[in-house]
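Q: So the protein sequences, as listed, match chains A and B.
Residue numbering for the first sequence follows the numbering used here, beginning at 21 and increasing consecutively.
Residue numbering for the second sequence follows the numbering used here, beginning at 689 and increasing consecutively.
There could be a bad hint or two in this list.
Calculated lysine-lysine pairs in the DSS-like style (CA-CA distance at most 25 Å, straight line) [unchecked claim]:
| id | chain 1 | residue 1 | chain 2 | residue 2 |
| --- | --- | --- | --- | --- |
| 1 | B | K703 | A | K196 |
| 2 | A | K31 | A | K196 |
| 3 | A | K363 | A | K314 |
| 4 | B | K717 | A | K327 |
| 5 | A | K425 | A | K85 |
| 6 | B | K703 | A | K161 |
| 7 | A | K327 | B | K691 |
| 8 | B | K692 | A | K327 |
| 9 | A | K209 | A | K348 |
Derived by calculation from the structure, the hints in this document are not laboratory data.
The structure displayed is predicted, hence computed values, not measured ones.
Residue strings, one per chain:
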Amino acid sequence: MKLKGTQILLKALEEENVEIIFGYPGGAVLDIYDQLFKNNTKHILVRHEQGAVHAADGYARATGKVGVCLVTSGPGATNTVTGIATANMDSIPLVVFTGQVPTGLIGNDAFQECDITGITRPCTKHNFLVRSIDDLAVTIKEAFDIARSGRPGPVLIDLPKNVMAAQTEYDPANVKIRNYEAPYRPAPKKMANLLEMLMAAKSPLIMTGGGVILGKASDQLTRLARKYQIPVTGTLMGLGSFPGSDPLWMGMLGMHGTYYANMAISHCDLLLAIGVRFDDRVTGTIETFAANAKIVQIDVDPSSINKNVAVDLPIIGDTTAVLNDLLKFLDEHNYTYEAGERKEWLDQIAEWKEKVPLTYCQNGKVIKPQFVIETLHKLTKGDVIITTEVGQHQMWTAQFFTFDKPNTLITSGGLGTMGFGLPAAIGVKCAFPDKQVVDIAGDGSIQMNIQELATAAQYKINVKIVLLNNEFLGMPRQWQELFYEKRYSHTDMTYAPDFVKLAEAFGVVGLRATKPEEVEAVLKEGLALDKPVLMDFRVSREEGVYPMVHPGDSIANMSLGSREMIN
Amino acid sequence: MEKKEHIISILVHNKPDVLARIAGTLGGKGYNIESLSVNSTMQYEISKIVMTTFGTQETVTRIENQLQRLVDVIQVDDLTNVESIHREMILVRLNLTTDKKEQIKKAVDTNKWKVIVSADTYIILEITGDQSQIDFALAKLTPLGIADITRTGIIALNLEN
Ligand SMILES: Cc1ncc(C[n+]2csc(CCOP(=O)(O)OP(=O)(O)O)c2C)c(N)n1
Ligand SMILES: [Mg+2]
Numbered sequence: 021m022k023l024k025g026t027q028i029l030l031k032a033l034e035e036e037n038v039e040i041i042f043g044y045p046g047g048a049v050l051d052i053y054d055q056l057f058k059n060n061t062k063h064i065l066v067r068h069e070q071g072a073v074h075a076a077d078g079y080a081r082a083t084g085k086v087g088v089c090l091v092t093s094g095p096g097a098t099n100t101v102t103g104i105a106t107a108n109m110d111s112i113p114l115v116v117f118t119g120q121v122p123t124g125l126i127g128n129d130a131f132q133e134c135d136i137t138g139i140t141r142p143c144t145k146h147n148f149l150v151r152s153i154d155d156l157a158v159t160i161k162e163a164f165d166i167a168r169s170g171r172p173g174p175v176l177i178d179l180p181k182n183v184m185a186a187q188t189e190y191d192p193a194n195v196k197i198r199n200y201e202a203p204y205r206p207a208p209k210k211m212a213n214l215l216e217m218l219m220a221a222k223s224p225l226i227m228t229g230g231g232v233i234l235g236k237a238s239d240q241l242t243r244l245a246r247k248y249q250i251p252v253t254g255t256l257m258g259l260g261s262f263p264g265s266d267p268l269w270m271g272m273l274g275m276h277g278t279y280y281a282n283m284a285i286s287h288c289d290l291l292l293a294i295g296v297r298f299d300d301r302v303t304g305t306i307e308t309f310a311a312n313a314k315i316v317q318i319d320v321d322p323s324s325i326n327k328n329v330a331v332d333l334p335i336i337g338d339t340t341a342v343l344n345d346l347l348k349f350l351d352e353h354n355y356t357y358e359a360g361e362r363k364e365w366l367d368q369i370a371e372w373k374e375k376v377p378l379t380y381c382q383n384g385k386v387i388k389p390q391f392v393i394e395t396l397h398k399l400t401k402g403d404v405i406i407t408t409e410v411g412q413h414q415m416w417t418a419q420f421f422t423f424d425k426p427n428t429l430i431t432s433g434g435l436g437t438m439g440f441g442l443p444a445a446i447g448v449k450c451a452f453p454d455k456q457v458v459d460i461a462g463d464g465s466i467q468m469n470i471q472e473l474a475t476a477a478q479y480k481i482n483v484k485i486v487l488l489n490n491e492f493l494g495m496p497r498q499w500q501e502l503f504y505e506k507r508y509s510h511t512d513m514t515y516a517p518d519f520v521k522l523a524e525a526f527g528v529v530g531l532r533a534t535k536p537e538e539v540e541a542v543l544k545e546g547l548a549l550d551k552p553v554l555m556d557f558r559v560s561r562e563e564g565v566y567p568m569v570h571p572g573d574s575i576a577n578m579s580l581g582s583r584e585m586i587n
Numbered sequence: 689m690e691k692k693e694h695i696i697s698i699l700v701h702n703k704p705d706v707l708a709r710i711a712g713t714l715g716g717k718g719y720n721i722e723s724l725s726v727n728s729t730m731q732y733e734i735s736k737i738v739m740t741t742f743g744t745q746e747t748v749t750r751i752e753n754q755l756q757r758l759v760d761v762i763q764v765d766d767l768t769n770v771e772s773i774h775r776e777m778i779l780v781r782l783n784l785t786t787d788k789k790e791q792i793k794k795a796v797d798t799n800k801w802k803v804i805v806s807a808d809t810y811i812i813l814e815i816t817g818d819q820s821q822i823d824f825a826l827a828k829l830t831p832l833g834i835a836d837i838t839r840t841g842i843i844a845l846n847l848e849n
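Generate coordinates for the entire structure from the input sequences, incorporating the hints supplied.
A: Put into structure tokens, the structure is as follows:
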């Protein structure tokens with residue numbers, strides 16, 4: 021039977037088990053929207069296309085499935101770029117459909133034409149312009165396969181209007197694609213090397229990253245660390261890949277990492293880096309990073325290896341497959357660590373933990389942002405999915421919230437996109453309607469996609485926003501304090517809307533806390549309500565994120581800020 | 689580490705924007721393409737790109753890895769480290785002005801240059817060779833007064849599989 025392009029699109033999405041589309045209509049995709057209407061496809065109308073991509077991204081991060089968006093040509097397409105780049109930096113699988121002018125008009129500067137495949141070439145894993153109806157089904161299938169295989173990433177498909185109106189035969193059984201997944205080849209030699217390195221090591225350390233979460237290898241990682249008593253630190257993207265409440269957990273490393281994690285990195289003699297890409301925010305100066313250690317890097321993407329840090333033993337492969345192999349190999353070869361040596365190393369770490377713990381001081385009349393985060397953890401017992409915006413509040417979340425499970429912290433790590441958290445939370449909540457989903461936000465960031473409150477209100481997507489309102493673009497302010505003699509150039513956000521009234525105007529509940537003793541009550545009330553809620557916590561304005569490694573410095577060199585907190 | 693010229697051979701799916709992807713990948717990461725040649729292979733759907741870039745082995749390995757990530761790239765080989773032959777070609781127009789005419793004819797004879805167009809007022813030569821041979825020819829041609837010239841990128845083939 022012949023089907024129209026629009027029908028094939030929706031059937032192909034069914035084939036991929038797509039449950040939900042985040043989108044925004046416009047001229048070039050009205051035919052598709054008509055088909056959505058006829059098919060009664062589940063679609064969330066966002067209020068800005070950037071929000072659609074972040075929502076699909078949040079959905080993808082929480083579920084491990086491919087997130088899907090649909091937008092119109094021209095400005096609809098260009099509005100997706102920040103979202104796509106965000107997903108690309110964090111290797112999140114998305115398929116983004118953009119409308120396009122009819123093929124005959126492409127290149128003519130037609131109304132709402134834009135070369136979106138050209139624009140997104142550097143920030144997608146791959147993209148396609150579908151030139152003929154006969155390519156449509158196979159392109160969609162390829163796109164989903166590319167998005168989720170190997171190192172995942174966003175794929176964009178540009179759909180010219182005439183192609184979608186054309187007809188062709190469609191039978192999903194006949195849609196054949198080439199295979200994009202590189203087969204995993206076990207490397208027994210490398211495992212033997214690694215075993216030798218482990219046997220020689222006195223102070224081994226695991227560094228876990230987003231690749232462990234994307235590769236669904238948390239169980240394997242946890243078994244490895246616990247069985248052989250190897251302490252674990254992680255990058256921002258790796259939080260949750262190892263239980264944060266386990267005594268072997270050392271917190272995040274890097275610029276705002278814990279003192280003890282950074283000390284451990286600097287003193288370990290073997291570093292097992294799993295699913296990380298050694299971002300400069302993590303390593304500090306490369307020369308001093310893990311300077312005493314042999315480094316083993318396990319990653320699915322060969323281009324991540326030896327990119328920033330010279331590695332002694334690279335192992336390329338899916339993190340789950342490699343760790344399964346490793347566990348088996350160590351087991352078969354009866355690897356045991358030297359108990360005395362290991363105890364010495366763990367004691368040393370315990371000493372560092374005691375010397376400089378992560379801390380703050382909630383003793384005055386002003387709410388400390390860290391206190392709000394800790395109280396949120398206490399009230400939810402960690403049974404919650406957290407999204408964040410970008411800034412100080414994001415770092416405090418990483419430091420003071422304990423993440424025990426993978427996919428429970430959803431944050432823009434690589435691109436650091438303000439405005440990510442609210443739409444991402446909406447996407448997460450669509451995937452898990454029964455889960456508590458909280459966006460920990462800053463007052464600057466929340467204003468970047470605040471329009472999505474309307475989306476939450478319309479569909480009763482009951483996300484909670486914990487706004488740590490310091491009336492500052494806090495992170496740049498902290499840099500100005502430290503490196504620009506407190507010249508707060510354009511970071512003061514005192515001029516802001518009344519967030520409670522603003523929430524109410526959108527049909528969202530607004531709550532506020534101004535004193536430390538109100539924090540718990542407001543959180544309790546907000547979390548209990550079966551409605552979207554924005555909680556405005558007026559927090560200490562000039563609180564800093566510490567420890568802090570100054571940019572360009574070694575990560576062993578941490579500034580701890582003033583431990584005397586002034587209110 | 690030592691910087692030198694690397695000749696990279698890339699097999700790709702012959703898609704409209706594959707060259708843009710490759711150029712964009714390298715340009716976007718700050719790597720320069722010194723020379724480039726593209727053509728289809730015996731299979732129409734597959735093209736071969738031969739490009740040269742200047743850098744350390746480390747840099748070139750990084751380039752190879754970046755290229756491997758592209759969906760349309762099938763295979764990447766650094767021909768620098770294997771035995772391979774290299775060729776470039778130039779087309780040169782020399783104007784037969786009265787004072788240089790004899791000199792030009794003599795040079796064409798002694799160097800056995802191939803004349804592919806011979807007119808009253810000019811000739812066009814076709815010269816192929818590896819880089820040093822082309823550079824050598826250019827050194828001889830320059831004093832004769834090159835009116836116009838075009839030079840291909842390097843093409844290369846490894847001796848064994
Ligand atoms: C889209 C975007 N623009 C600019 C920045 C640079 N930036 C990083 S953090 C930050 C301030 C964030 O302010 P707020 O959301 O209030 O968070 P706070 O640091 O105060 O907790 C800015 C401007 C960014 N990360 N993203
Ligand atoms: Mg702020």
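Q: So, for every hint listed, does it hold in this structure?
A: Against the structure, the hints come out as follows:
Proposed proximity of K703(B) and K196(A) is supported: the alpha carbons are some 18 Å apart, at most 25 Å. Taking the CA atoms of K31(A) and K196(A), the gap is near 16 Å; set against the 25 Å cutoff, the hint holds. About 20 Å separates the Cα atoms of K363(A) and K314(A), which keeps this hinted pair within 25 Å; it holds. Restraint check for K717(B) and K327(A): satisfied, since their Cα atoms lie roughly 12 Å apart, inside the 25 Å limit.
The suggested pairing of K425(A) with K85(A) holds, with an alpha-carbon distance near 17 Å, which does not exceed 25 Å. A threshold of 25 Å between alpha carbons decides the hint, and for K703(B) with K161(A) the separation of about 18 Å falls inside it, so the pair holds. About 18 Å separates the Cα atoms of K327(A) and K691(B), which keeps this hinted pair within 25 Å; it holds. For the given pair, K692(B) sits about 20 Å from K327(A) by alpha-carbon distance, which is consistent with the 25 Å threshold.
Straight-line distance between C-alpha atoms of K209(A) and K348(A) comes to about 14 Å, which keeps the hinted pair within the 25 Å bound.
Violated hints are absent here; each numbered hint is respected by the structure.
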